[in-house]
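*Asks:* Residues per chain, in single letters:
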Amino acid sequence: NAGVTQTPKFRVLKTGQSMTLLCAQDMNHEYMYWYRQDPGMGLRLIHYSVGEGTTAKGEVPDGYNVSRLKKQNFLLGLESAAPSQTSVYFCASKDGLFGGEQPQHFGDGTRLSIL
Amino acid sequence: SQKIEQNSEALNIQEGKTATLTCNYTNYSPAYLQWYRQDPGRGPVFLLLIRENEKEKRKERLKVTFDTTLKQSLFHITASQPADSATYLCALEGSSNTGKLIFGQGTTLQVKP
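Protein chains in written order, with my numbering: chain A, -19 to 95; chain B, -11 to 101.
The following block holds chain A by itself, in its conformation from the complex:
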């Protein structure tokens, strides 16, 4: 039981390049989330999904796209990377069966640098 797995763990991109971050969970959770964490800023929600085939914008969605084609996977895409997107990206999942009384389970992050 791996929990939440993020791929890759590290990546360096040049400005303008594109890439996709993959999040996979094996807990059969309905809800999935993508956050970015910057020094002194805390975790900020980029996009989220409340079920397979659904996505919604979070607090800082600009420059990112997401897809949830399969329940266990949540993909985060950067179409044209910018230095401001240098950050640590975390994926999380949550059981949707019991409403708000469930915690989020996090992966160990992807460290992304945009040069």
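Each hint should be verified, as a subset may be incorrect.
Computed list of chain A residues with no C-beta within reach of chain B, every gap over 12 Å [stated by the list, open to error]:
{"id": "1", "residue": "L2"}
{"id": "2", "residue": "L25"}
{"id": "3", "residue": "Q52"}
{"id": "4", "residue": "N53"}
{"id": "5", "residue": "P63"}
{"id": "6", "residue": "K74"}
One-sided and incomplete, this derived list gives chain A residues near chain B with beta-carbon spacing under 7 Å [stated by the list, open to error]:
{"id": "7", "residue": "Y11"}
{"id": "8", "residue": "Y44"}
{"id": "9", "residue": "F86"}
{"id": "10", "residue": "G87"}
Don't read these hints as lab results, they were simulated from the structure. Remember, predicted model here, so these are calculated numbers, not experimental data. Ideal placement from N, C-alpha and C gives every residue a C-beta, glycine not left out.
Fit chain B to the known structure of chain A by using the hints.
*Replies:* Frame of chain A, contents of chain B only:
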């Protein structure tokens, strides 16, 4: 706008003492408040959840209080140990059933032997 504030300065305490971390919020009425622990290079790990109608919750050496009038939560670690050294994050959740959390920036705790 919604805002959560945690002590930005690191908290340094001696082993065996009680650590108390503060989480204050404004412009929000959370249904739940959660505390997470984050170690360097790792993702946050859930510790405790407290509902808006609960005053206090305990789990082993951990205790959380929630005062919706003061808009404040206190997180206590009793008999602290060096292994408790980490960053602790406060997070608020509304009642929208999307599970979205708003996080504070975290407080770093250092427990010295």
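*Asks:* Each hint: holds or not?
*Replies:* So, going through the hints one by one against the coordinates:
| no. | hint | in the structure |
| --- | --- | --- |
| 1 | L2 | 15 Å, holds |
| 2 | L25 | 6 Å, violated |
| 3 | Q52 | 17 Å, holds |
| 4 | N53 | 17 Å, holds |
| 5 | P63 | 22 Å, holds |
| 6 | K74 | 5 Å, violated |
| 7 | Y11 | 5 Å, holds |
| 8 | Y44 | 16 Å, violated |
| 9 | F86 | 3 Å, holds |
| 10 | G87 | 5 Å, holds |
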